[in-house]
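Engineer: The lines below spell out each chain.
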Amino acid sequence: MKKRPAMSLAETHIAIGPALGERRAQSLAAARRRSRFVAGLRLALLAALALIVLNAAVQVLINGRGRDFAPASVPTGEVERIVNPRFTGRDAQGTPFVVTADSAVRQPGGVPGLTALENPRLDYALLGEAAGQSAVLAETGIYNPQARTLRLETGVSLSTRSDYEFETSSATLHLQDSRITGDAPVYGEAPWGAIRAGGFEVRDDGRHVIFTDGVVTRLIIDERAGDGAEEATE
Amino acid sequence: EAQAGALTPPGEGPLDVSADDLDVFDRENRIVYSGDVNAVRGDTRLRADRVEVFFEPAEGAGFGAVTRMEASGDVYYVTPTEVIRGDRGVYDFVAGEIVLSGNVVLTQGCNVSTGSRLVANLETGVSQLAGAEGGERVRSVFFPDRDTQAPAAQVEDCPRPEIPGEGPEPFVEG
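Chains A and B, in that order, are what the protein sequence lines are. Just so you know, the working numbering puts 156 at position 156 of the first sequence, and the rest follows in order with no gaps. Here the working numbering runs 1000 ahead of the position in the second sequence, where the first position is 1.
Possibly wrong hints are sitting among the right ones.
Stated by the list, open to error - Below, a sample of chain A positions facing chain B; criterion: calculated Cβ distance under 8 angstroms: (1) Leu54; (2) Ser162; (3) Trp192; (4) Arg196; (5) His208; (6) Thr212; (7) Val215; (8) Ile220.
Calculated from the structure, these hints are not laboratory results. Even for Gly, the Cβ is constructed at its ideal location relative to N, Cα and C.
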């Protein structure tokens, strides 16, 4: 077999030039295709990440709003029962109040936020420290967060920080303007005696108390007047 | 000025007051009854359209002893033996004095006296009825022989003045 003579470098370049170039072009194209593929993957990954973060944010938003008003709510059939409910707010002067109860029930379709309470309690300056968070105010109550009223029903027992006590069958605490009203017969005890009346109202932060619809009072005079009179005549 | 018979002082025990409405002003140690007010203590009664009761301030905050009652509007002071009517009345617990003023009419059995101001000192038992300054004088009508009659007979001949309103409501304990 006849031996081809050895090619010079230039001739080899010329001979294999086009093949090499072609192969380089092919590998360059492959490399470009691969980098486009990787870039695409990267974009897809970023998009997936963004979607996950967005979904998490939306979930937090949906759940977060519900938790302030009704912690640990246990749906029972159509009504929503809240265990150890706790509603907080402030009156017009900025004085805080906390409404708590053994349990609360919210009727579907009712006035938004209206909640029926069992053994409602209220921690609020108007009711004085003695009451504090533990004193049950009535057997049942209805809290309206929009109007900031707490309607008490059945076995209502209230006291104010200026030492007035009221026992009646129904009363309403108007937390917005620090007032209490009752339109049912009431028995009350005051620093100066005892009262029976057809209705009552506590205003002016407990400093102005009104009894209406027929009032009968008993003022205890003896021991006190005696002291007064003796002092005067000595 | 004329001396009237000793006025019967209010009895002992609690003071029961009934009315249409009651306003309590904590900061001023004052409570205000309005609307057919009847205050009863023992067997004496004060009736008026409006009665304000003032208390001594107690230590810290709150109400001490009752010091004064101010009545206005058709005021009647009623005891088993007399009925006194006036436009205004003040019962000063500390001084032990009742003052009625404005168209005062004092009825004791069949005896009736009129004037413009009656001051009764419950401690000394002395009561003085005065006429208006430079105006109407004290006038009295006495039936001496009636005084010997039994009270029941007197009432029959001289019925007591009618007192407006529904009358006092009893206070029912807790």
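Engineer: Against each hint, give a clear statement of whether it holds in the structure.
Structural biologist: Here is how each hint holds up against the structure:
1. For the restraint placing Leu54(A) at the interface with chain B, the shortest Cβ-Cβ distance is roughly 59 angstroms, beyond the 8 angstroms limit, so the hint is violated.
2. The closest approach between the C-beta of Ser162(A) and any C-beta of chain B is roughly 5 angstroms, which is under the 8 angstroms cut-off, so the hint is satisfied.
3. Hint on Trp192(A) holds. Least Cβ distance to chain B is approximately 4 angstroms, under the 8 angstroms limit.
4. At a threshold of 8 angstroms, the smallest CB-CB gap from Arg196(A) to chain B is about 7 angstroms, leaving the interface hint in force.
5. The interface hint given for His208(A) holds, since its Cβ lies 6 angstroms from the closest Cβ of chain B, which is under the 8 angstroms cut-off.
6. Because the smallest distance between the Cβ of Thr212(A) and any Cβ of chain B comes to about 5 angstroms, under 8 angstroms, the interface hint for this residue holds.
7. With 8 angstroms as the threshold, the beta carbon of Val215(A) comes within range of chain B, its nearest partner Cβ sitting at about 4 angstroms, so the hint holds.
8. Satisfaction of the interface hint for Ile220(A) is found here, the shortest Cβ-Cβ separation to chain B being roughly 5 angstroms, below the 8 angstroms cut-off.
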